[in-house]
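Novice: So the sequence lines, in the order shown, correspond to chains A and B. Read in order, the letters of the first sequence are residues -17 to 115 in this note's numbering. Read in order, the letters of the second sequence are residues 4 to 588 in this note's numbering.
Among the hints, a few may not be true.
Rough simulated footprint, nothing fancy, chain A against chain B, three-plus residues with beta-carbon under 8 Å [stated by the list, open to error]:
(1) 143 to 151
(2) 178 to 184
(3) 197 to 210
(4) 278 to 289
(5) 455 to 469
(6) 473 to 484
For lysine to aspartate or glutamate, the following EDC-like pairs were computed, each having C-alpha atoms within a straight-line distance of at most 20 Å [to be verified]:
(7) Lys31/A - Glu158/B
(8) Lys13/A - Glu357/B
(9) Lys18/A - Asp209/B
(10) Lys330/B - Glu25/A
(11) Lys223/B - Glu101/A
(12) Lys575/B - Glu25/A
(13) Lys33/A - Glu158/B
(14) Lys13/A - Asp53/B
(15) Lys224/B - Glu76/A
(16) Lys283/B - Glu25/A
(17) Lys223/B - Glu(-10)/A
(18) Lys13/A - Glu158/B
(19) Lys18/A - Glu153/B
(20) Lys13/A - Glu111/A
(21) Lys208/B - Glu84/A
(22) Lys31/A - Glu153/B
(23) Lys283/B - Glu84/A
(24) Lys13/A - Glu23/B
(25) Lys283/B - Glu111/A
(26) Lys13/A - Asp302/B
(27) Lys283/B - Glu76/A
Keep in mind that the hints were calculated from the coordinates and are not lab data. Keep in mind that this is a model prediction, so the values were computed, not measured. Ideal placement from N, C-alpha and C gives every residue a C-beta, glycine not left out.
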Amino acid sequence: MKLILDSEKCTGCKLCELACSARHQGVFNPKKAHLKIIDHYTETGRETKLKSCTLCMKCVEPCPVEAIAFNGKWLVIDEGLCTGCGDCVDVCPEGVIFLNSEGTAAIPNFCEGNPYCIEWCPQEAIYKEEEVA
Amino acid sequence: MSYRWEILRVNLSAGSVVKEPLDKDWTEKYFGGRGLGAKYLYEELEGSTDPLSPANKLLLATGPFTGTIMPCSGKLAILTKSPATGAILDCSIGGHFAAQLKFAGYDMLIIEGQAESPVYLVIDDEKVEIRGANHLWGRGIFETESQLHEEHGMEARVLSIGPAGEHLVPLACIGSEYYRQAGRGGVGSVMGSKKLKAVVCSGSKDVTVPDMTRLLELVKKTIRDDVLTDTNLWVHVEGTPAIVEMSNSSGVFPTRNYQDGVFEGAQKINADRIRQLQPKKKACFACALGCGNYLRMGDSAVEGPEYETLALAGANCGVDDIEAIIKFNAECDNLGIDTISSGNVLGFAMEMTEKGMKDFGIRFGDIETYLKMPRLIAYREGVGEELSHGVKHLARKYGGTEFAMEVKGLELPGYDPRGSWAMGLAYATANRGGCHMSAWPIGDEAFGELDPFTIEGKAQLVITGQNYNAIKFSLILCDFWALSMDTMSEMASCVLDRDISTADLEKAGERIWNMPRLFNVREGFEVAADFLPARIFQDPLKSGTPAGRVLPREQFDAMLQEYYQLRGWDSKGVPTPEKLKELEM
């Protein structure tokens, strides 16, 4: 699975990030969301893009306790194994893995197939793609 | 809780940074934003403080909803004593800065003193630094932000001033995210007087409410049933340019310095024209609507132009060329100038020139000269030096007081009170002067069902609107979400985890309206300052529905006295001790 952003529709309101951190971490905090909306002006224009899990698997191999696995659709973590070393946080090229309040890695799993962020987008700018290229 | 219970106090004279507790009792009475900021400013400033002296302060206030998923809660209140008016000034700026301040752990940032040389402030959670800003001083807002993003990352949010603020121009604004402004009353020049070029903020702390599940359910339902509805969606579909058509067809669209209320070029600068430019919508933090129209034309890009810019810098200057207005808008945003006041000042200068009263070298519709003006004003060069002082100053020096379109020294925005009498009372009694953000009774009059040409019931209409906005802007919800008091009560009760009834909110709104009034009374403002420019009383409008109309002076006086009486103020407009006691102030 993958999340796709229609950057023409996205207004950069970040309701998706707030919904994500609220659902999975019980707090409002964009730094604890499994997706990030980048929407800013530059001296040459405006850039709008989404950062979310692309299933690049870069977090899987470095895990010293093999706590992260791919179930064919999304990543899963064995929290009992996770030591909170943060190696996966460091390697995630999208910046959407972080340590949760228990000190273990919070790994994006697309809300197990029904991404909550999609429900919250007022512009219907986020959608999911089942097929992984 | 959604409050972090902490204030960050930075004194630029001493170079000190102190964290102190937020006053809990005051939050129960004033909540946040405009109200809590006014309370703090009143208590902390002495009367007669020089607005550009180190003794003045800048208060940046969040609200109890900031950082939560509450829709339309992204704005920041900025309060200070205005160098343009000498009255209290509260501005509100959109974007994402307020949320970052809350995530950094602070409900409010208070900036005091004056640095010796240019500085900027960097807030990253507990880490707060005052850094040298020589490399930024002199630069425009766009370049300043880009530079600071390079130094501090894209997720940090920036407030900054441009050359106008640095040169202490009383029309100077504070900008954020390129095209959003705390626009009015010279708030940017207060920042400039402190030699503070910018504030950069990023935060990583949690914001919570006692019952997260309940709030998520409530907000989700509210966004669907109460935000994304026809009442509000015009804001997303067209944005504020939609008002051009409403205003022009009601004959209240300020044209050529308020000489007319119908602009023959309106269809060239209305929402349809903006739509042809295919804007991409932009929202503030946590806003489900998204009103901003980001667009490019020629060599300019802007998030706008908003209605007020189209009115004051368009029709009011006799300019119907949308490309020129966009260019003017972008130039003002970068230089850090308020487009309302600058458009109003230029309209005045144009009329003075055309009437032969004083030659400012600029005439209505003279686009070439018009486009040179923002730079001259920001740098106080040539004719810009005179214009930079604002309309009130110009009229005092050169005459034309009767058509200097200001109240308390703040230039009027884009609604002609001759075609909407309650709007005249709203302007006259707004605490910061000629302001459309205190109450907007024109929505019920010229744009609604009420007869605009009677004073009957209008004092109460204005009071209800002022109190409503006072509490709304203290909880910090955006103007563009037209929510009911019932919804506001439901939201506030959920977030603050106590029963807050509509009666509680109404009382708080009244209290919050009185707070800045007390500030102004201390500064010597009373009945004589609650006034309108003579043109509104004397010169009949020329076209459309209000053709031949003025707001008759005696009707205005009667409306004002009724207003004072209903407010529980004396005949000079001073809140009575009984009223203050009733409001627990």
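Novice: State for each hint whether it applies.
Specialist: Each hint tested on the structure:
1. 143 to 151: Holds: 4 residues of the stretch 143 to 151 of chain B have a Cβ under 8 Å from chain A.
2. 178 to 184: Coverage by chain A holds here, the residue count being 3 at a Cβ distance below 8 Å.
3. 197 to 210: Coverage by chain A holds for the stretch 197 to 210 of chain B (4 residues, Cβ < 8 Å).
4. 278 to 289: Since 7 is at least three, the answer is holds.
5. 455 to 469: violated (count 0)
6. 473 to 484: violated (count 0)
7. Lys31/A - Glu158/B: Satisfied, since the Cα-Cα distance of roughly 13 Å is no more than 20 Å.
8. Lys13/A - Glu357/B: Measuring from Cα to Cα gives roughly 57 Å; hence the hint is violated.
9. Lys18/A - Asp209/B: holds (16 Å)
10. Lys330/B - Glu25/A: Measuring from Cα to Cα gives roughly 15 Å; hence the hint holds.
11. Lys223/B - Glu101/A: holds (9 Å)
12. Lys575/B - Glu25/A: violated (51 Å)
13. Lys33/A - Glu158/B: holds (13 Å)
14. Lys13/A - Asp53/B: With a Cα-Cα distance of about 41 Å, the restraint between Lys13/A and Asp53/B is violated, given a limit of 20 Å.
15. Lys224/B - Glu76/A: violated (31 Å)
16. Lys283/B - Glu25/A: Distance ~17 Å between Lys283/B and Glu25/A Cα, so the pair holds.
17. Lys223/B - Glu(-10)/A: violated (23 Å)
18. Lys13/A - Glu158/B: holds (10 Å)
19. Lys18/A - Glu153/B: Cα-Cα ~19 Å, so holds.
20. Lys13/A - Glu111/A: Violated: Lys13/A and Glu111/A sit about 24 Å apart, past 20 Å.
21. Lys208/B - Glu84/A: The hint holds at about 15 Å.
22. Lys31/A - Glu153/B: holds (18 Å)
23. Lys283/B - Glu84/A: violated (41 Å)
24. Lys13/A - Glu23/B: With Cα atoms ~25 Å apart, Lys13/A and Glu23/B exceed 20 Å; violated.
25. Lys283/B - Glu111/A: Violated: Lys283/B and Glu111/A sit about 24 Å apart, past 20 Å.
26. Lys13/A - Asp302/B: Answer violated: Lys13/A to Asp302/B is near 36 Å, above 20 Å.
27. Lys283/B - Glu76/A: With a Cα-Cα distance of about 25 Å, the restraint between Lys283/B and Glu76/A is violated, given a limit of 20 Å.
The structure is inconsistent with the numbered hints 5, 6, 8, 12, 14, 15, 17, 20, 23, 24, 25, 26 and 27, although it conforms to all the rest.
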